[in-house]
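Residue numbers (my numbering), protein chains in the order written: chain P, -8 to 328; chain G, -8 to 328; chain D, -8 to 328; chain S, -8 to 328.
Just so you know, these hints were derived from the structure itself, not from any lab.
Treat the hints with care, as some may be off.
Note: identical chains are not told apart, hence a pair may lie in one copy or across any two.
Straight-line distance between alpha carbons at most 20 Å, and here's what the computed SDA-like set of lysine to any residue pairs gives [said to hold, decoys possible]:
#	residue 1	residue 2
1	K80	G112
2	K109	L79
3	K84	N220
4	K84	L319
5	K10	S22
6	K61	D(-1)
7	K61	V324
8	K10	E322
9	K2	T327
10	K109	A311
11	K10	R316
12	K61	E143
13	K84	R316
Number of protein chains: 4
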Amino acid sequence: MIIVMRSDATKEQLGSVIKWIEAQGMRAHLSEGEERTIVGVIGNDRPIDASQVERFDGVERAVPILAPYKLASLDMQPYPTLVPLNGLKVGGKQVALIAGPCSVESREQIMETACAVKIAGATALRGGAFKPRSSPYSFQGMGLAGLELLAEARKETGLPVVTEVMAPEQVGMVAQYADVLQIGARNMQNFNLLNAVGETRHPVLLKRGMMNTMEELLMSAEYILAQGNPNVILCERGIRTFETYTRNTFDVNAIAALKARTHLPVVADPSHATGHWQYVAAASLAAVAAGADGLIIEVHPNPEQAKSDGVQSLKPDRFAELVVRLRLVAEAVDRTL
Amino acid sequence: MIIVMRSDATKEQLGSVIKWIEAQGMRAHLSEGEERTIVGVIGNDRPIDASQVERFDGVERAVPILAPYKLASLDMQPYPTLVPLNGLKVGGKQVALIAGPCSVESREQIMETACAVKIAGATALRGGAFKPRSSPYSFQGMGLAGLELLAEARKETGLPVVTEVMAPEQVGMVAQYADVLQIGARNMQNFNLLNAVGETRHPVLLKRGMMNTMEELLMSAEYILAQGNPNVILCERGIRTFETYTRNTFDVNAIAALKARTHLPVVADPSHATGHWQYVAAASLAAVAAGADGLIIEVHPNPEQAKSDGVQSLKPDRFAELVVRLRLVAEAVDRTL
Amino acid sequence: MIIVMRSDATKEQLGSVIKWIEAQGMRAHLSEGEERTIVGVIGNDRPIDASQVERFDGVERAVPILAPYKLASLDMQPYPTLVPLNGLKVGGKQVALIAGPCSVESREQIMETACAVKIAGATALRGGAFKPRSSPYSFQGMGLAGLELLAEARKETGLPVVTEVMAPEQVGMVAQYADVLQIGARNMQNFNLLNAVGETRHPVLLKRGMMNTMEELLMSAEYILAQGNPNVILCERGIRTFETYTRNTFDVNAIAALKARTHLPVVADPSHATGHWQYVAAASLAAVAAGADGLIIEVHPNPEQAKSDGVQSLKPDRFAELVVRLRLVAEAVDRTL
Amino acid sequence: MIIVMRSDATKEQLGSVIKWIEAQGMRAHLSEGEERTIVGVIGNDRPIDASQVERFDGVERAVPILAPYKLASLDMQPYPTLVPLNGLKVGGKQVALIAGPCSVESREQIMETACAVKIAGATALRGGAFKPRSSPYSFQGMGLAGLELLAEARKETGLPVVTEVMAPEQVGMVAQYADVLQIGARNMQNFNLLNAVGETRHPVLLKRGMMNTMEELLMSAEYILAQGNPNVILCERGIRTFETYTRNTFDVNAIAALKARTHLPVVADPSHATGHWQYVAAASLAAVAAGADGLIIEVHPNPEQAKSDGVQSLKPDRFAELVVRLRLVAEAVDRTL
């Protein structure tokens, strides 16, 4: 952290800042410029809040120098984490392809979808049993019965299952059925939940909140890693902006910008990132070209009857066509799929 | 909801849409324009997702007409809800003044602050025992011990206590100590938590998420109301934008815009809405002038030693000065404080 | 500026950075931390682009320390600039009240409005003759004829005229008729236009772009000041966010945050900042409570027939009522109106 | 447009709305729902401002149904516009590759860059002679001398020249030297400038403003088209969001979402869209995979000495490597490059 003093800061004010730094077990390094004096803090100042220092009289602002995450950083581990997913290693050369409906709605629906995406080339099945919905009047998911159907679909197709967990007390139950625990965008900063999945060793698919910076995403991953669970997959799923032609703005930059900072795999969710099935193919191709380690795509046999997210779900035949195109782009960037 | 058909939609496509509307138990009303045909849906279509209809072939888009919230709306209850807070009615003529530290840190700290804000004119005490922090390395709150200190401060000063609850399983415990259950901004769409506080009859202070729309805030209130708890106080605490001179952008418009739609009281949190103690006074005065039913302000006896949010906390003497100015503005807009 | 080196930066890379700093006529100051080495640049580095330095091998990032504006800063001039407006000093104790229609539409319309706002207590008349409209099919303003009508209204009422100028080649003409040259939000970074109004000595009302930071606003003011025109009034008029209940989000924080940095007066435009006449009163009261030096409010005798912005215009009687309330709030915060 | 009446609207209020619609030469179509009455406007209501109608008593809101742009829409021209660029047709099968420095700085610099990008496979040369800079203290471009150097580079390499024009009065001069007139992001809503380039028949590269919606971009294109110039190329260059790891957020969705609405070609600017040279390759590959008709990339022989945007410029050798990878991805999505 460096601390910028105000131009009118007194010696006493500077002294108090230095004294405080030393009281925290760190050293201060002074640098006097023509217009401002700067104090550099020497040591691991991650536990200190920049805002704390800004409260001192005479301080203009404090600028963190070290990234606030540590376990998630490339400084800590300069080689990629490979998260096991039923034989596949997410983060390796092969692009993971997770597909399935937004919500599990019935045995018929999940079985039909699972078989279709398996045949088309998917490497895992997604499907929600617990659904966070902005309206209390919307379908909230099948719950436990949904988890059981997912397990049945896994048995039938061999596809590992990715499904969302919404509350700390559900983690044990969901982990019995799921291969990957998904943390939804709205729960990215539900710290109790992050701690709970951190206590398992299940792979976790951590979605970026629609309102969260990449740094906050890495900090949420840090919560899970700090509990001892190394199997974290980051997921870019679109952020909220002023644009209205799409449901979210797909931050495709996040793939490269995260990989420049972390060893964790990064996948993309083109369904939520666009919100319209017509744009899912373009976003999927873009994600793979940009270096994504995987895709999670919504597929539904009858999107117009879907109980949630129908508008952004692909029909199985369109999904199958897309996989063919994705494979060509994956190869063009020296990956497989 | 109205459904806009594409200019090239066929009769069959239009027919499917109408058939589907009727299958949902509603009626369709056709309106043919020069460039587009529009289908109006007659009936309570709140449970239908606009996106579902958009998935039909030939549909350009669907536009909701009815507000998605019902219990929270002025249509439902055209007079203000008054939430009881230790004799005061939040939402009435008197502006509520909730003040205290970000986190409870020690008996001395909370007692000193409680007494100071009481003397200055506060009507309730705030203080966090469970703290959502973006970093796992930051102070996470005193937990149960913090709740006990808050109860002690209440006993001493008579001030009712407002404190945050972070997880469904904590609700019972926190409710034993708190007069008002606070839902933090990051949990505004933690639906399991909303349901849990909805099952109590405790007043709930529901903070707007930093990147949530007012409509989503009203929908989250709807979750609580739908569980039977009518005592919801909405709180505008700043939203995330591109601006960096302040921690958040205080959406002062939200006060009037929410009150044009809902009967629930609306308070403001100028501390988070600005993120700098220097701007807290201006934001507080603005909030009261704009019609806020209350303020929740961070006050700390030694902000430079605070374990969280020191930079946005007022010292007790500045808070006392501010209360004097707030009272003048409250009176200028025909309120009391 | 401070330059943060990567953890793996070599001595040679550090050497190149230092050499370059010295080649720019500045000095480098080294500070070695445990995880990162930092280079402080000593001297006025405003002309250097931080991004330039970031291009050097071994550099992680560069952080500007000095504010990029100079003439606009309180460091340069620690007392408020008072901009003359027909006897009133904008930036002094009295709150300026600029009112009138969005566009000049006819003699009758502008005369009626001018008289009404004068009687209600306005200190200046606003009205657009040249109108920036997002659609080429919308009314584009009366042009020169509009300017002449504004001059006539000024003669009749004595109110000075505030009107927009859209292009450098119009500045001369508009300056013949206007007392204050308004730069619209969409032109805040039209640098040719800023230079052109900077060459006059006319007061300039510089609106913040809906997509611009306060720092960029100050930099645009700096363009005008650097040309020798000291009479700049800043105007907060709402920024674009994800919220849709209001046309813009009124950044009321900007009033205090700008005044903490600049000596220039700051006024607010509650009409654009809300986009709905129903919310204009609340935003106006909030602005004055927060310390605004003036308000610019749209008033139209027949808003439902207005050729632009009818929805956010007040009728004269509502405006008159608002002025009474504004006066009470102004007095409560020790101002006059 | 449809007009939603308030639940408490009177017959008289409804009558006034209908009367006004008919006075505008359109017809009204009534649809009475259970909770709201809706009025559909039949006819071309593009010149009417939705906000105008919202001003009527009893009106809750007005929702536009027709897209506000017409000439730019696929409804008007269902086949792609091909903009000629020195033999290449932008919008056809071949992906255009525009490359060069941010600013023209010297003969040596522009010649070296032009030759390098030509050899690497670029189809046009970019370079700024007039530079919009947020600070008056930054390099503002070489002006006319820069245009002359660009012309010289074109003569030498045969590459057509893309360069920015900043003010209406510069259009004639710049058009003498440039093959494509670029409108910068900050000028996307400089309507005087749009009209001026609309009066030429020069191809125009219209950059999306950093906080403008796609709809506003299409409306700005409409200004140019409405003046009779059909040669408009849209350019997505990143939008401003809350994210800070990148300079802008590349809205890769815009490529598909624009192409679903307009016949105009869409290119991408990965240099501004990321702001860091390290991420330019990923964004470029993503853009081509998503269907972009071209790329405009900053290349500089000595980025660390660049007078602007060095941090986001590629060195010629990296650019050459990127072209090889881009060609593979282009072929994978059935394009050439």
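Verification of the hints:
1. For the homomeric pair K80 and G112, the shortest alpha-carbon distance inside one copy (16 Å) is at most 20 Å, but the shortest distance between copies (37 Å) is not.
2. When the C-alpha separation of K109 and L79 is checked against a cutoff of 20 Å, the pair qualifies only within one copy, where the shortest distance is 14 Å, while the shortest distance between copies is 42 Å.
3. With identical chains, the CA atoms of K84 and N220 are never at most 20 Å apart, being 23 Å at best within one copy and 48 Å at best between copies.
4. Both within a single protomer and between protomers do K84 and L319 lie at most 20 Å apart by alpha-carbon distance, with minima of 14 Å and 18 Å respectively.
5. Proximity of K10 to S22 under the C-alpha cut-off of 20 Å is found in both arrangements, the shortest distances being 16 Å within a copy and 19 Å between copies.
6. Within a single copy, K61 and D(-1) get their C-alpha atoms only as close as 36 Å, which misses the 20 Å cut-off; across copies the closest is 16 Å, which meets it.
7. Taking the closest pair of Cα atoms, K61 and V324 never come within 20 Å of each other, the shortest separation being 30 Å inside a single copy and 39 Å across copies.
8. For a Cα distance limit of 20 Å, the shortest separation of K10 from E322 qualifies neither inside one copy, at 58 Å, nor across copies, at 44 Å.
9. When the C-alpha separation of K2 and T327 is checked against a cutoff of 20 Å, the pair qualifies neither within a copy, at 62 Å, nor between copies, at 40 Å.
10. Taking identical chains as interchangeable, the C-alpha atoms of K109 and A311 lie at most 20 Å apart only when both belong to the same chain, with a minimum of 10 Å there against 39 Å between chains.
11. Taking the closest pair of Cα atoms, K10 and R316 never come within 20 Å of each other, the shortest separation being 62 Å inside a single copy and 36 Å across copies.
12. Taking the shortest alpha-carbon separations for K61 and E143, neither the intra-copy value of 39 Å nor the inter-copy value of 39 Å comes in at or below 20 Å.
13. In the homo-oligomer, the alpha carbons of K84 and R316 lie at most 20 Å apart both inside one protomer (17 Å) and across protomers (17 Å), since each shortest distance falls under that limit.
In this structure, the earlier hints numbered 3, 7, 8, 9, 11 and 12 are contradicted, and the remaining ones agree with it.
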